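Peer 1: Listed below, chain by chain, are the residues.
2 protein chains.
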Amino acid sequence: MGRSSLAEDFEKLLNVGIALSSIHDLEKLLDLILKEARRLTRADAGTLYLAKDGQLIFKVSQCQSLTERWGEARMRQMYESFSMPISRESIAGYVALTKDVLNIADVREIRSDASYHYNPSWDERAGYVTRSMLVVPMLNREGNVAGVLQLINAMSDSDDGKAIPFPAKQEKLVSSLASQAVVAIENAELTDDLKQAHLDTIFRLGVAAEYRDRETANHIKRMSQYCALIAENLGWSGEEVDMILRSSLMHDVGKLGIPDSILQKPGRLTPEERHIMEYHTIIGGNIMKGSKAAVVKQSRIVAITHHEKFDGTGYPRGLKGEEIPIAGRITILADVFDALSSKRVYKEALAEDDVLRILREGRGSFFDPKILDIFLDNLEAVRKIQSRYMDREEDFDKFKNLNRLVIEEEEKVKKA
Amino acid sequence: MGRSSLAEDFEKLLNVGIALSSIHDLEKLLDLILKEARRLTRADAGTLYLAKDGQLIFKVSQCQSLTERWGEARMRQMYESFSMPISRESIAGYVALTKDVLNIADVREIRSDASYHYNPSWDERAGYVTRSMLVVPMLNREGNVAGVLQLINAMSDSDDGKAIPFPAKQEKLVSSLASQAVVAIENAELTDDLKQAHLDTIFRLGVAAEYRDRETANHIKRMSQYCALIAENLGWSGEEVDMILRSSLMHDVGKLGIPDSILQKPGRLTPEERHIMEYHTIIGGNIMKGSKAAVVKQSRIVAITHHEKFDGTGYPRGLKGEEIPIAGRITILADVFDALSSKRVYKEALAEDDVLRILREGRGSFFDPKILDIFLDNLEAVRKIQSRYMDREEDFDKFKNLNRLVIEEEEKVKKA
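Chains as they are written, first to last, in the working numbering: chain A, 5 to 420; chain B, 5 to 420.
I should point out that these hints are in silico values taken from the structure, not numbers from a laboratory. These numbers come from a predicted model, not from an experiment. Among the hints, erroneous ones may be present.
A pair holds if it fits inside one copy or across any two, identical chains being indistinguishable in the list.
What the hints assert, rightly or not - Cross-link-like lysine to aspartate or glutamate pairs, in silico, EDC-like; alpha carbons within 20 Å at most: (1) K293 / D197; (2) K296 / D57; (3) K32 / E84; (4) K296 / E190; (5) K293 / D395; (6) K63 / D127; (7) K199 / D246; (8) K32 / D197; (9) K301 / D204; (10) K296 / D204; (11) K16 / E146; (12) K296 / E193; (13) K199 / E243; (14) K176 / D13; (15) K176 / E12; (16) K173 / D13; (17) K16 / E175; (18) K173 / E12; (19) K374 / E236.
Full structure from sequences and hints, please.
Peer 2: Below you can see the structure in the form of structure tokens.
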């Protein structure tokens with residue numbers, strides 16, 4: 005971009021802005037911001053920091069010459085996330101503090117009485133020689149610092165590997181890019197917040213349903229993770245995996261419509277009671293019906309089909325094989341596995357060997373053989389999920405005595 | 005912007021792009037897009053269409069000279085939303101179809117054998133004279149038409165009110181603006197979809213809770229609308245009103261933790277049963293606890309405080325007056341009003357006069373006088389909400405016979 009006109013530069017920046025605005029994944033976005041800033045300035049290296057609570061948090065670093073020398077994998081290991089105070093102790097901190105652009109021709113010639121200092125420790129560790137630096141504050145629309153873009157070693161047009169100072173006109177271009185970047189970052193964070201808030205509510209709906217059935221919140225967490233694991237290994241996209249993770253959380257909402265006398269009956273159910281119990285699938289479908297939201301639509305399918313067995317002997321419709329939506333075939337396996345392998349108020353957990361034997365016995369009758377095989381091929385990952393969301397004794401306490409629960413919770417409320 | 009350099013124009017466009025990206029309200033965004041496009045080109049008038057399902061939908065129109073003549077209010081009445089096919093029948097349709105930019109010096113000189121035609125009916129109705137037109141397709145990143153920007157009558161620098169043709173260089177500038185606009189529109193729509201999906205799940209959680217209590221989904225719809233009405237008239241911001249609309253939907257989730265034997269007992273509760281029943285406030289707080297999402301945090305407050313009475317005789321904590329969070333003081337009024345004024349499985353609705361008498365008797369004891377007065381001052385709006393979300397007979401049927409519900413729902417599932 006060295007010899008291009010200012011109008012051309014700005015036109016390119018417009019397209020960069022459009023590209024940035026289209027990315028909603030924060031990590032990918034930060035990576036692209038730095039890449040575009042480096043391309044705009046022909047910078048060999050660069051680092052992007054985000055500001056949070058008076059600190060600068062290191063987010064992404066790129067270095068073309070070192071990556072060529074060492075490869076991507078080793079480069080990634082060299083960078084660890086760290087944070088540093090917004091203060092004169094570092095060049096990036098100085099820029100965040102003063103909101104000034106720093107355009108330094110050679111960091112080794114910074115005068116000792118300057119207000120900022122260059123810290124050579126990274127160069128020494130990495131065997132790199134930093135010369136020129138262009139460091140730009142990323143200001144949001146209120147004029148507050150959202151981050152810092154630090155560009156290192158502008159390459160000369162001759163491509164001789166020599167670093168030259170950053171031309172003065174790039175200060176303005178990079179500042180413009182930084183302003184575009186900040187809005188894109190804020191938008192990506194907003195999207196993320198909205199998704200998290202939604203997931204949070206979905207989870208609470210799932211918890212509420214399990215509450216009545218005396219199962220713990222960990223049950224639905226584990227179960228949805230098993231579903232995601234299977235989906236991943238079926239080759240589903242990240243978005244599809246995310247979708248089943250969410251929708252499976254609500255598989256049992258229909259239990260909210262089943263009377264306590266049946267749901268919590270200690271002994272065997274009569275055929276009529278069992279019949280009513282089975283309708284939790286349909287009631288779940290009813291609670292979820294008519295939604296336009298993709299996740300709620302899939303939840304409805306999961307709710308209605310998570311008790312259909314592969315051989316057609318399940319309920320409510322007795323669907324068979326691939327007639328059963330795949331989300332249902334995944335959920336029944338995750339649900340049965342978790343029911344067998346974890347403790348409930350009324351039963352202990354089975355040993356893993358016994359659980360796996362029962363699963364294998366269900367191959368082709370309860371379970372889709374393909375999905376079962378994928379699950380059994382990934383037992384290491386399954387065990388990690390189990391231990392990550394293990395139930396503690398106190399998770400069961402609340403089901404033992406409603407009055408005690410109530411008093412404990414009241415105490416929490418009073419302290420809140 | 006007529007005499008500015010191309011670099012200056014592009015730099016301004018960069019800032020426009022940043023401004024557009026910061027707006028998440030679709031209506032405001034479309035308005036600003038058109039305004040900025042008109043400012044960029046010194047256009048007296050303009051219209052923005054969005055493309056959907058093979059149609060162009062009229063979204064916003066602006067005309068400076070007519071607005072000066074007639075005022076904003078009358079102008080707004082002149083525009084009705086309409087849609088037209090993407091076809092050669094209209095100039096905007098032609099541009100959407102061919103994706104070409106049309107820069108027309110004078111619409112009255114369009115040759116009769118041209119592929120597009122000018123429809124003078126708007127001019128005739130409005131007493132306006134359209135001369136020059138710059139019509140630009142809004143293309144998304146995949147190159148599909150997302151809409152059309154139609155700019156009318158470029159004003160000369162002399163401000164003599166005469167329309168001149170649009171300079172050729174503006175074709176590129178407006179196309180760039182259109183590309184920025186499309187991303188901003190897509191982002192605003194994404195934000196909207198995420199919010200709608202979240203609201204949908206919140207609503208289902210609310211419905212699930214009322215399900216157990218044999219109340220209809222309409223109860224929580226009405227109640228949350230009453231809360232929003234009060235909040236609006238308390239002078240809350242749009243976002244705050246939206247928040248209580250959502251959070252009040254979940255006020256009774258704690259009922260999910262109350263046994264059927266108490267929740268659905270036909271006669272009077274014993275003191276001990278009533279004590280347990282009252283804990284639905286705390287259980288609701290428990291289901292909502294630990295969330296980072298603002299709406300779930302407020303829901304927790306609503307759940308815990310929506311039975312606190314203004315004189316301190318409510319539960320669970322017996323808070324008094326302004327000790328009770330305002331969200332709780334609003335919710336108790338909306339909840340009591342709806343309970344009195346609507347039918348339940350076990351009771352008929354009271355006449356409005358009786359309901360209002362009871363509310364007035366609760367002034368200062370049950371209800372915050374200020375909030376009660378606001379509610380009583382807005383009875384017209386209250387009645388509108390009542391009739392909009394009126395219960396029908398069949399809404400109650402499902403509570404009368406679980407088995408019948410189940411069969412009806414099963415039929416729906418089979419047809420799905």
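Peer 1: None of the hints should be skipped; say for each whether it holds.
Peer 2: Cross-check of the supplied hints:
1. Proximity of K293 and D197 under a CA criterion of 20 Å is satisfied inter-copy only: 18 Å between copies versus 26 Å inside one chain copy.
2. Taking the shortest alpha-carbon separations for K296 and D57, only the inter-copy value of 17 Å comes in at or below 20 Å, while the best intra-copy value is 38 Å.
3. Taking CA atoms no more than 20 Å apart as the test, K32 paired with E84 passes inside one copy only; the shortest distance there is 17 Å, against 42 Å between copies.
4. In the homo-oligomer, the alpha carbons of K296 and E190 lie at most 20 Å apart only across protomers (18 Å), although the nearest pairing inside one protomer, at 27 Å, exceeds that limit.
5. With identical chains, the CA atoms of K293 and D395 are at most 20 Å apart between copies only, with a shortest distance of 18 Å across copies and 32 Å within one.
6. When the C-alpha separation of K63 and D127 is checked against a cutoff of 20 Å, the pair qualifies only within one copy, where the shortest distance is 18 Å, while the shortest distance between copies is 56 Å.
7. Taking identical chains as interchangeable, the C-alpha atoms of K199 and D246 lie at most 20 Å apart whether they share a chain (11 Å) or sit on different chains (18 Å).
8. In this assembly of identical chains, the alpha carbons of K32 and D197 lie at most 20 Å apart only when taken from the same copy (17 Å versus 22 Å across copies).
9. Both within a single protomer and between protomers do K301 and D204 lie at most 20 Å apart by alpha-carbon distance, with minima of 17 Å and 11 Å respectively.
10. In this assembly of identical chains, K296 and D204 lie within 20 Å of each other by CA distance both inside one copy and across copies; the values are 19 Å within and 8 Å between.
11. In this assembly of identical chains, K16 and E146 lie within 20 Å of each other by CA distance solely across copies; the values are 18 Å between and 25 Å within a copy.
12. For a Cα distance limit of 20 Å, the shortest separation of K296 from E193 across copies, 14 Å, qualifies, whereas the shortest one inside one copy, 24 Å, does not.
13. Taking CA atoms no more than 20 Å apart as the test, K199 paired with E243 passes in both settings, with 12 Å inside one copy and 18 Å between copies.
14. In this assembly of identical chains, K176 and D13 lie within 20 Å of each other by CA distance both inside one copy and across copies; the values are 11 Å within and 15 Å between.
15. In this homomeric assembly, K176 and E12 come within 20 Å of each other (Cα to Cα) both inside a single copy, at 14 Å, and across copies, at 12 Å.
16. When the C-alpha separation of K173 and D13 is checked against a cutoff of 20 Å, the pair qualifies both within a copy, at 10 Å, and between copies, at 17 Å.
17. When the C-alpha separation of K16 and E175 is checked against a cutoff of 20 Å, the pair qualifies both within a copy, at 16 Å, and between copies, at 17 Å.
18. With identical chains, the CA atoms of K173 and E12 are at most 20 Å apart both within one copy (13 Å) and between copies (14 Å).
19. Taking identical chains as interchangeable, the C-alpha atoms of K374 and E236 lie at most 20 Å apart only when both belong to the same chain, with a minimum of 14 Å there against 55 Å between chains.
Checked against the numbered hints given earlier, this structure breaks none of them.
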